[in-house]
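Q: Each chain, letter by letter, is given below.
Protein chains: 2
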Amino acid sequence: MSNKIEIETLNIGIKNGRNDAVCINIPDDATTALVSTKNKYAAAPVILNKINITKNNPKYLFINSGNANACTGKTGMRNTIECTMLLAKKLNCQKEKILMFSTGIIGRQLPMKLISKKIINHSFKFNSSWISASKSIMTTDAFNKYLNKTIMLGKKKISIKGMCKGAGMIEPNMATMLAFISIDLHLNKTLLSQLLKKAVDSSFNCISVDGDMSTNDSVAIIATGENKDLNLKNKPQMLSKIENELIQFCQSLAKMIVKDGEGATKIITITIHQASKKSDAKRICYAIANSNLFKTAMFGADPNWGRIIAKLGSLDNIDYDAGKVILKINQILVFEKGIPAKNSNLNKLNASMKQKEIAIDLYLRNGKAIHSIMTSDLTKKYIHINSTYTT
Amino acid sequence: MSNKIEIETLNIGIKNGRNDAVCINIPDDATTALVSTKNKYAAAPVILNKINITKNNPKYLFINSGNANACTGKTGMRNTIECTMLLAKKLNCQKEKILMFSTGIIGRQLPMKLISKKIINHSFKFNSSWISASKSIMTTDAFNKYLNKTIMLGKKKISIKGMCKGAGMIEPNMATMLAFISIDLHLNKTLLSQLLKKAVDSSFNCISVDGDMSTNDSVAIIATGENKDLNLKNKPQMLSKIENELIQFCQSLAKMIVKDGEGATKIITITIHQASKKSDAKRICYAIANSNLFKTAMFGADPNWGRIIAKLGSLDNIDYDAGKVILKINQILVFEKGIPAKNSNLNKLNASMKQKEIAIDLYLRNGKAIHSIMTSDLTKKYIHINSTYTT
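Protein chains in written order, with my numbering: chain A, 3 to 393; chain B, 3 to 393.
Derived by calculation from the structure, the hints in this document are not laboratory data. Note that this is a predicted model, so its numbers are computed, not measured. Just so you know, not all the hints are guaranteed correct.
When chains are identical, the list treats them as one kind, so a pair holds in a single copy or across two.
[To be verified] Derived lysine to aspartate or glutamate pairs resembling DMTMM-like cross-links, with alpha carbons at most 20 angstroms apart:
#, residue 1, residue 2
1, K199, D318
2, K40, D321
3, K350, D318
4, K383, D304
5, K350, E338
Produce the entire structure from the sequences given, and follow the hints as far as they go.
A: Have a look at this one:
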């Protein structure tokens, strides 16, 4: 019995020519955890997965791109179940042990004839790679997103692998963001779920620049069952290290999504410091990140601090002293005491903003809460990509 | 003694060559009401006006464009007061009877030498026009915004005039939206304030697509004191007619701002019907209007209903049944029962979306609350205008 994840990539024919489906074979000894969208119009596979994962230990993940199977009603749900039945029969397992993930256009039924024909006739060899899989799940993505990393736990080398799809500006009609991660550890499901939730909260949940979850957003993690002898239960320091490593790994994947960003040229990290409440810091982060005036200024490398301060000032019910706020762009002080900073080095600032990454740090000086999010700039290419999508 | 408003336009030299200031002479018998921004970084003149209008009946309004005098600290406030002192001396009235409005770039001090030189040496004739004034208050506006209308109250012809400045996407760094309205009626200040508040709530407050008020937003209305003999106190029907006319007048001005919209090609009216709460309807309106994916789809005349439904679904704590929601675009049913509408006439829909105005009607079917806002599309020209503004 193997403790390795095995991967198959398929070409169903939903997208033109390219591979458009992936099947992941989960080791018998593995555990799987899942986080998925809270959107009221969650896609059929999302709804089915939520039921299946609580009752069963998944054996296969099946992912299709090109069609989100969202807003597809009862037929959509019937189709999802039929996919799992076809796969169950083919792969000789219970249909409840198959999780399904769909990404692509909303409101169209899955091409069931193509899918059933493919599943029935395809010879599953499970000899494909993560890289090939990461290409197969792409939709509007400009590039495939795969990462692997080795971490040390004591003297053991532990492998983390992961792939994701999605673009920084988050594209609700393209079923948004999917991520799949594996870690070569033996972890119980409860612990794995906790680790995943923490990692997602500090990574994928800190980039969605529209501030919402789409109809199909899902992140799954598999602890393969390897390295059972580490006996992690009694090793809080090791668990803490695993937690931090997973957060960093997910942040790196999330950063790739922001970088993709449908025409994006820059990654901007916005951090609100010293707020009285975490929820305030979060609200300010999103308000700035979602401001088109801010996003276009970043595209133009324009140190237009007035847009940040005016946005802050426009938010009600946030407790701070307007005269005490400090704003830094790329570590250069630009605003304090309610007026532009006197010694701000505009030339240095302009030059630094032409780089690919920009840091916005806003200090409310009214508490200890902090929140940080990553976003991309708003470019003409974004408009071009998104103005004629379904037609 | 005249009951007519008199207007002077000036060229201080803040903007290149063009007139950049307006002085409005208010009849002695008039009343004036004012609504202004709640932004925590409200500009110096906004703060001073709030004090002066409660204590005095304004005699002059003075407006400068090109400099917002926002985020300018104590110096900014001193400069505002000095402007009112210079004008008071020149025009022979108390400085507290002068309201000042500034619009333009944030964070720079007013050019006081230019201003004082101009006010001291200028010969005020008050023989300019509303149209000329509407041009003088422009900043990034693509066109000047002036309207006049005659309404009938009984057998009397009543004139309403108004001008405004601002662009649909609301430009916090350009001090946003100013509007000045006159109506040839004799109204007490309390009643005038109530009328203004209602009119602004249904017009200018329903267009700001960033969802906020900028540092300098202000709307002033002058009831000139004419037609005193109408004796409106005891005529509820006439008052109700005035209220409706003022709402419509302000909506027409607001629509000109949306039309300007920094590169905008379309005006989109989003209406949320049958919500259980007004606040829910409002939140959904803004969420859709602020979605870049939605705005770019409108630019491309793309009937991408999935972006609207996915955005609705992403909002938490709103009470409705996802399966009961109905969506119409330009009166054509596109979504019901959780799936795309079967008979939706896509060709007809595509053609209708190529027109300048688009109506989005979303029915939650869960109550009686309704809210409507106007927004513009997101275009490449918008990015161009806003990406290199201060540099």
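Q: Indicate, hint by hint, whether the structure satisfies it.
A: Tested hints:
Proximity of K199 to D318 under the C-alpha cut-off of 20 angstroms is restricted to the inter-copy arrangement: shortest distance 19 angstroms between copies versus 30 angstroms within a copy. Taking the shortest Cα distances, K40 and D321 sit within 20 angstroms of each other only across copies (14 angstroms), while inside one copy they are farther apart (29 angstroms). Neither within a single protomer nor between protomers do K350 and D318 lie at most 20 angstroms apart by alpha-carbon distance, with minima of 34 angstroms and 43 angstroms respectively. In this assembly of identical chains, K383 and D304 lie within 20 angstroms of each other by CA distance both inside one copy and across copies; the values are 18 angstroms within and 17 angstroms between.
In this assembly of identical chains, K350 and E338 lie within 20 angstroms of each other by CA distance solely inside one copy; the values are 18 angstroms within and 55 angstroms between copies.
Hint compliance for this structure: hint 3 is the single one not met.
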